[in-house]
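Chemist: As they're listed, the protein sequences go chains P and V.
Heads up, the first sequence is in numbering that gives the first Met the number 0, so the first residue is 0 and it goes up one at a time.
Heads up, the second sequence is in numbering that gives the first Met the number 0, so the first residue is 0 and it goes up one at a time.
Since the hints were made in silico from the structure, they are not lab data.
A couple of the hints might just be wrong.
Same chains, same label: a pair holds when it works inside one copy or across any pair of copies.
[To be verified] The calculated lysine-lysine pairs, modelled on DSS-like cross-linking and capped at a C-alpha distance of 25 Å, are:
#1 27 to 122
#2 225 to 259
#3 42 to 52
#4 122 to 42
#5 42 to 351
#6 31 to 351
#7 42 to 373
#8 347 to 122
#9 329 to 316
#10 27 to 10
#11 347 to 329
Protein chains: 2
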Amino acid sequence: MNNFIYDIPVKVYFGENQLCNLGKELSKYGKKVLLTYGGGSIKKIGLYDEILKELEKYGLELFELSGIEPNPRIQSVREGAKICKEQNIDVLLAVGGGSTIDATKFMAAGACTDVDPWDFFTKNAPIEKALPIVTILTLAAAGSEMDAGGVISNLETKDKIGRLAPVLLPKVSFLDPTVTYTVNPYQTACGAVDMMSHIMEVYFNMSNSLYMLDCFMEGMMKTIIKYAPIAMKEPNNYEARANLMWTSSWAINGFISLDKNQAWTCHPIEHELSAIYDITHGLGLALVTPRWLEYCLDETTVSKYYQFGTNVFDIDKNLEPMEVAKQSIKMLSEFFFNTLNLDDTFTKVGIKQEDFDIMAEKACGNNCINGFKKLNKQDIVNIFNMCL
Amino acid sequence: MNNFIYDIPVKVYFGENQLCNLGKELSKYGKKVLLTYGGGSIKKIGLYDEILKELEKYGLELFELSGIEPNPRIQSVREGAKICKEQNIDVLLAVGGGSTIDATKFMAAGACTDVDPWDFFTKNAPIEKALPIVTILTLAAAGSEMDAGGVISNLETKDKIGRLAPVLLPKVSFLDPTVTYTVNPYQTACGAVDMMSHIMEVYFNMSNSLYMLDCFMEGMMKTIIKYAPIAMKEPNNYEARANLMWTSSWAINGFISLDKNQAWTCHPIEHELSAIYDITHGLGLALVTPRWLEYCLDETTVSKYYQFGTNVFDIDKNLEPMEVAKQSIKMLSEFFFNTLNLDDTFTKVGIKQEDFDIMAEKACGNNCINGFKKLNKQDIVNIFNMCL
Numbered sequence: 000m001n002n003f004i005y006d007i008p009v010k011v012y013f014g015e016n017q018l019c020n021l022g023k024e025l026s027k028y029g030k031k032v033l034l035t036y037g038g039g040s041i042k043k044i045g046l047y048d049e050i051l052k053e054l055e056k057y058g059l060e061l062f063e064l065s066g067i068e069p070n071p072r073i074q075s076v077r078e079g080a081k082i083c084k085e086q087n088i089d090v091l092l093a094v095g096g097g098s099t100i101d102a103t104k105f106m107a108a109g110a111c112t113d114v115d116p117w118d119f120f121t122k123n124a125p126i127e128k129a130l131p132i133v134t135i136l137t138l139a140a141a142g143s144e145m146d147a148g149g150v151i152s153n154l155e156t157k158d159k160i161g162r163l164a165p166v167l168l169p170k171v172s173f174l175d176p177t178v179t180y181t182v183n184p185y186q187t188a189c190g191a192v193d194m195m196s197h198i199m200e201v202y203f204n205m206s207n208s209l210y211m212l213d214c215f216m217e218g219m220m221k222t223i224i225k226y227a228p229i230a231m232k233e234p235n236n237y238e239a240r241a242n243l244m245w246t247s248s249w250a251i252n253g254f255i256s257l258d259k260n261q262a263w264t265c266h267p268i269e270h271e272l273s274a275i276y277d278i279t280h281g282l283g284l285a286l287v288t289p290r291w292l293e294y295c296l297d298e299t300t301v302s303k304y305y306q307f308g309t310n311v312f313d314i315d316k317n318l319e320p321m322e323v324a325k326q327s328i329k330m331l332s333e334f335f336f337n338t339l340n341l342d343d344t345f346t347k348v349g350i351k352q353e354d355f356d357i358m359a360e361k362a363c364g365n366n367c368i369n370g371f372k373k374l375n376k377q378d379i380v381n382i383f384n385m386c387l
Numbered sequence: 000m001n002n003f004i005y006d007i008p009v010k011v012y013f014g015e016n017q018l019c020n021l022g023k024e025l026s027k028y029g030k031k032v033l034l035t036y037g038g039g040s041i042k043k044i045g046l047y048d049e050i051l052k053e054l055e056k057y058g059l060e061l062f063e064l065s066g067i068e069p070n071p072r073i074q075s076v077r078e079g080a081k082i083c084k085e086q087n088i089d090v091l092l093a094v095g096g097g098s099t100i101d102a103t104k105f106m107a108a109g110a111c112t113d114v115d116p117w118d119f120f121t122k123n124a125p126i127e128k129a130l131p132i133v134t135i136l137t138l139a140a141a142g143s144e145m146d147a148g149g150v151i152s153n154l155e156t157k158d159k160i161g162r163l164a165p166v167l168l169p170k171v172s173f174l175d176p177t178v179t180y181t182v183n184p185y186q187t188a189c190g191a192v193d194m195m196s197h198i199m200e201v202y203f204n205m206s207n208s209l210y211m212l213d214c215f216m217e218g219m220m221k222t223i224i225k226y227a228p229i230a231m232k233e234p235n236n237y238e239a240r241a242n243l244m245w246t247s248s249w250a251i252n253g254f255i256s257l258d259k260n261q262a263w264t265c266h267p268i269e270h271e272l273s274a275i276y277d278i279t280h281g282l283g284l285a286l287v288t289p290r291w292l293e294y295c296l297d298e299t300t301v302s303k304y305y306q307f308g309t310n311v312f313d314i315d316k317n318l319e320p321m322e323v324a325k326q327s328i329k330m331l332s333e334f335f336f337n338t339l340n341l342d343d344t345f346t347k348v349g350i351k352q353e354d355f356d357i358m359a360e361k362a363c364g365n366n367c368i369n370g371f372k373k374l375n376k377q378d379i380v381n382i383f384n385m386c387l
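Chain P with its partners taken away, still in its complex shape (with noise of 0.2 Å):
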């Protein structure tokens, strides 16, 4: 069990009808407000106008930046954090998912040096200062609305890295379940997968971690389990929704992990899917989760996979630890490809063999990743193979 520092001062508005105190809360910062987002869904739901007029009741000023891509672009942080420097811009509003988040943390980061916001990712330039950040959060899934880190995509050299640094941590995030009601059934799906993904990157660890946080996680993954089906069928069922806002914010503000130190392995491999194919994320996930924990059950890592198994798909406890294990990477496939109806095989997305070996490359270089199970670059070759 590892020391660790928790500190995660972002403040939470949960609920309806709290944007009440948007105005309020980014007037703290300043008068010059970036808004940042994606497409035009925040127009279509009313959000867009809901936050021009908290804007204008408090007199702050409105720059904006739209377009921001899923899968979010270096262009778009150069372009954010060029604004805010010309504008001299106080705070950043995001609204969006973890894409838009992601990319306005950066830019935040990006308009406090004079170095371009790629070496942030390529030459890890250090980021010491940023501009204030406030979100709204339209999708539940990446957890980018409470925690410090963020990964952005340069299609020119097909790369996809993450960085963290706490400076990245929103001062407000605005939680309103109501708001993912136009949540489409796939990306309600995907966004399931992302949050179980964050977890299990977490709960499958071999090293000796706080039991109440196990606890934690696999009430989290229960949750999901529970809700992702029923916010697909009824959209508008606010007890399904509020349930996976929360868990997306509680899966990665670093809560879970503190007290451990292991490198994630599912998300790295996945970035680079996403990377070169440019897929949903938390597709890529569900598609390479599964063959993951197939390809490292042994006798030396089974003891969790029962944990996981019993405590998660509350599968029999008096069965052999091997076949609970068995049992429990099978309904966890089921969840994410007859539950959640996502794609099951490379095939069906169009990922193909003839990339394997750069992907495998990209994902860890000539060494390993120091994850669950050490993998090697043939290692992740032979889980693409078993997504075929």
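Position chain V against the provided structure of chain P, taking the given hints into account.
Modeler: Here is chain V on its own, set in the frame of chain P:
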């Protein structure tokens, strides 16, 4: 499900040898530090010397107030507030369990106002400012290290009253499980009951609340049930002490209760016991809680007991709900009175029937406690009678 604002910006250093960060953290708030603590145990375990060294390293000026009592008295609060004013204290360093930290919070608030601190409790005097507070926790129980409240006793009036205010939240808390190695089995048991009760006051609730948080509460209760007996038998078991310590903070820092709006029941009832008899808070809670559960069980509430019994005590899900409910109360009683070895009747701890009326009256006056079930004065007397 209620809207809520999540805002718990306490920074926590968790683990061994983290005190090397104490001077750095304290010096953020100024030079003059008022150290508060209870008896001499912090000297015996070497903590006092460590603190002095850290203060010296950063050139901080030390003031002291020791002798803070269990069930801390308003007299200590007044004294601390007076020292803060006279010496222009910049920051308070509370070293101890809930009693010391609770008392220190109201010293910090008392230092910023001219009203008598007892007015915070009897006249709802405003608490809008407080000096910054840093804590070093020595007992896993009350959770005061990460919450914004405290309870103070007045022996003259035989009152024990709680109060909450956001400005009372500690800035930084140091949680080192090894510091609790010297906590004896009885105090370890009482701490465990206190935590259990913090969770049960929230968990036993018939309103629609977040399933994800119910899972977390069940996880914390399982953690206490698993590790409290280990910590009693093996006081130096790091894993047990760490799990109990982190659970103590999360049982009451607000995370589990934000989406609910329900008065607590056993705590205010118990406060009347310890106000008159000065018994350990956890012992009083152990006596009252199983009887309260028994008293509140009926067809309208049985579903919550079923959830509790099957998820926390792993009782067979196929049994009748009412049977599960009764078994769960029995298992909780066995945990408190056999496993934790606490006295199981009022008679054994000297609480007399002649005081039932006055204690019940003080707990709810002419009104009701609007908790899990609405209880009036007679209900509370009935519960007391079950404890004889």
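Chemist: Work down the list of hints and note, for each, if the structure agrees.
Modeler: To see whether the hints hold, each was checked on the structure:
Proximity of residue 27 to residue 122 under the C-alpha cut-off of 25 Å is found in neither arrangement, the shortest distances being 33 Å within a copy and 32 Å between copies. In this homomeric assembly, residue 225 and residue 259 come within 25 Å of each other (Cα to Cα) only across copies, at 21 Å, whereas the closest approach inside a single copy is 27 Å. Taking CA atoms no more than 25 Å apart as the test, residue 42 paired with residue 52 passes inside one copy only; the shortest distance there is 13 Å, against 59 Å between copies. Neither within a single protomer nor between protomers do residue 122 and residue 42 lie at most 25 Å apart by alpha-carbon distance, with minima of 37 Å and 49 Å respectively.
In the homo-oligomer, the alpha carbons of residue 42 and residue 351 never lie at most 25 Å apart, since the shortest distance is 38 Å inside one protomer and 67 Å across protomers. For a Cα distance limit of 25 Å, the shortest separation of residue 31 from residue 351 qualifies neither inside one copy, at 47 Å, nor across copies, at 66 Å. Taking the shortest alpha-carbon separations for residue 42 and residue 373, neither the intra-copy value of 46 Å nor the inter-copy value of 46 Å comes in at or below 25 Å. With identical chains, the CA atoms of residue 347 and residue 122 are never at most 25 Å apart, being 36 Å at best within one copy and 69 Å at best between copies.
Proximity of residue 329 to residue 316 under the C-alpha cut-off of 25 Å is found in both arrangements, the shortest distances being 16 Å within a copy and 24 Å between copies. With identical chains, the CA atoms of residue 27 and residue 10 are at most 25 Å apart both within one copy (13 Å) and between copies (22 Å). For the homomeric pair residue 347 and residue 329, the shortest alpha-carbon distance inside one copy (20 Å) is at most 25 Å, but the shortest distance between copies (55 Å) is not.
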